[in-house]
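My request is simple: use the sequences and hints to build the entire structure.
Protein chains in written order, with my numbering: chain A, 2 to 266; chain B, 124 to 396.
Worth double-checking, as some hints may not be accurate.
[Said to hold, decoys possible] Where chain A lies over chain B, by a calculated footprint (3+ residues, C-beta under 8 Å):
| no. | region |
| --- | --- |
| 1 | 144 to 156 |
| 2 | 167 to 178 |
| 3 | 209 to 218 |
| 4 | 264 to 275 |
| 5 | 372 to 378 |
These aren't lab readings, by the way, just hints derived from the structure by calculation.
Glycine included, each C-beta is placed from N, C-alpha and C at the ideal position.
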Amino acid sequence: MTLPKSVPGNILRGLAWAGVLFLIAPLLVVIPVSFTPERYLSFPSEALSLRHYETLLFDRRWSGGILTSLLIASITTVLSVVIGTLCAVGMWRIGGRRMQLLRLMILAPLIVPSIVHALAFYKSWIDLGWLDTVWGVIVAHTTICVPLVMITVSAALSGFDHRLEYAARSLGARPLTVLRRIILPNILPGVVSGGIFAFITSWDEIIVILFITARKVRTLPQTIWSSIMERVDPAVAAISTVMVAATLAAVIIKLTLAKRAAPQP
Amino acid sequence: MYVFFVLPAALLLFFLYLLPLARILMISATDGQGFVANYGAVLTSAPIHRMVWTTVEICAITTVATLLISYLIAYVLLQVSERTRMWMMLCILVPLWVSVLVRAFAWIAVLNNSGPVNSLLQYTGLTDEPVQLVRNQFGVMLGMVHYMLPFGILPLYAAMKGIDPKLISAARALGARPFTAFRRVFLPLSLPGLYSAFVIVFIFSLGFYVTPAILGGGRIVMIAEYIALLISQGYDWGIAAALATMLLSVVLAVVFIAGRFADWDSVLGGSRR
Numbered sequence: 002m003t004l005p006k007s008v009p010g011n012i013l014r015g016l017a018w019a020g021v022l023f024l025i026a027p028l029l030v031v032i033p034v035s036f037t038p039e040r041y042l043s044f045p046s047e048a049l050s051l052r053h054y055e056t057l058l059f060d061r062r063w064s065g066g067i068l069t070s071l072l073i074a075s076i077t078t079v080l081s082v083v084i085g086t087l088c089a090v091g092m093w094r095i096g097g098r099r100m101q102l103l104r105l106m107i108l109a110p111l112i113v114p115s116i117v118h119a120l121a122f123y124k125s126w127i128d129l130g131w132l133d134t135v136w137g138v139i140v141a142h143t144t145i146c147v148p149l150v151m152i153t154v155s156a157a158l159s160g161f162d163h164r165l166e167y168a169a170r171s172l173g174a175r176p177l178t179v180l181r182r183i184i185l186p187n188i189l190p191g192v193v194s195g196g197i198f199a200f201i202t203s204w205d206e207i208i209v210i211l212f213i214t215a216r217k218v219r220t221l222p223q224t225i226w227s228s229i230m231e232r233v234d235p236a237v238a239a240i241s242t243v244m245v246a247a248t249l250a251a252v253i254i255k256l257t258l259a260k261r262a263a264p265q266p
Numbered sequence: 124m125y126v127f128f129v130l131p132a133a134l135l136l137f138f139l140y141l142l143p144l145a146r147i148l149m150i151s152a153t154d155g156q157g158f159v160a161n162y163g164a165v166l167t168s169a170p171i172h173r174m175v176w177t178t179v180e181i182c183a184i185t186t187v188a189t190l191l192i193s194y195l196i197a198y199v200l201l202q203v204s205e206r207t208r209m210w211m212m213l214c215i216l217v218p219l220w221v222s223v224l225v226r227a228f229a230w231i232a233v234l235n236n237s238g239p240v241n242s243l244l245q246y247t248g249l250t251d252e253p254v255q256l257v258r259n260q261f262g263v264m265l266g267m268v269h270y271m272l273p274f275g276i277l278p279l280y281a282a283m284k285g286i287d288p289k290l291i292s293a294a295r296a297l298g299a300r301p302f303t304a305f306r307r308v309f310l311p312l313s314l315p316g317l318y319s320a321f322v323i324v325f326i327f328s329l330g331f332y333v334t335p336a337i338l339g340g341g342r343i344v345m346i347a348e349y350i351a352l353l354i355s356q357g358y359d360w361g362i363a364a365a366l367a368t369m370l371l372s373v374v375l376a377v378v379f380i381a382g383r384f385a386d387w388d389s390v391l392g393g394s395r396r
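Structure, rendered in structure tokens:
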């Protein structure tokens, strides 16, 4: 089934390309803006300048934000990968109707609008004394990231043969041994992609952060947010360029690997 | 034994997620002057009515536009050569993974009064004055459609890939014209994918905070930002919690009603790859 090489077929293709370019083009516009020598948003007219990249490195608001975000996202990733993987494996083994309710509860953070759980965290974190602490952010982010890991690991488990687990168990292996020696090596891609999801989600998260942190904890998204809201600072273009370049590299690597792994038809 | 595997997640989500959420629902019924006063205020207040209409209007237009464009792109994606598909996928996946803040900022860089679009408009002589493109409803909807498109394209593409192309060939062989074969065979088979794309795009748009807040510039306020403003300025927890509860109810209703027709397997299976 291919589009006919006719006028309507060409129009469809042209429209689709227009849509796809609409997706990528704005992200490329930030690149020249980041090299402007001015203090306001503009395209560099003559000389290029790296001053906004220097800001990222030497201004405490930016460098501190990057380090805080790295710390929070790393710990969140480890916690949610461990908790989410264990849970997915447990639910896969236990199965049955009772697990459906639990699955629904654990997937809730994916459905509930962020603003609603941001309010919820704020109210309860006040009482727990976790407001404006790194720990408070990590806990909140972990509850949001566990379902992401659950989904990717459950998907990987659905392609895994139950009988391998039975065989290991009947030969006397205990559940933790089975998990470590039999299950984990087989579902590793699911665990890794769950971890990547979790890291990116925590790294980019802003809405909960706006509610549960104030001055002591400043993450990168918070610095970006206040820079956009107060005065549009070209340093945002510099960090955006870095993030777009990193994403571009990651997606190219992933697409190349997927192409190599795909069975040739 | 495997119960202990499930326990950490169950306890964490129950005590530190569901209970805090339940407290918000409780607050909407008890805080301030109580249930009737809070929900009454939501139902009768003129500013809240305006805000709800703005939200519904933007959300509806965004969802319809996103689904139309997504369907087109997913359909073409299915038909192009392997090489072209890689390029198109690159353009779809990069925005998907880039931070929502960066994407909203990029639109400010593109659309502001001295940005490339306005420069082009003035250079070509279409306008003399810069045209206001952001900090209004147009900017918000543009930014939202841009954010939602990958979430519409990917589930639709995953679902369309599962449709047997031989069915279309059979319809054509039996004498159906291309458009009839599409309308009577392909379109109905792609509906489950369309439903899952609809659920994802609609619930994201309805509770969207970041993009409307940045591109609306305080002039266009949707429900999520409105709730945040109530908390940060007025400390009106009762009304904020009532709005949050209503937002949550609508989202859950959409998920459970429209979600029944959706094709979740191909969506989740699609994310596996």
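To see whether the hints hold, each was checked on the structure:
| no. | hint | result |
| --- | --- | --- |
| 1 | 144 to 156 | holds (count 4) |
| 2 | 167 to 178 | violated (count 0) |
| 3 | 209 to 218 | holds (count 9) |
| 4 | 264 to 275 | holds (count 3) |
| 5 | 372 to 378 | holds (count 3) |
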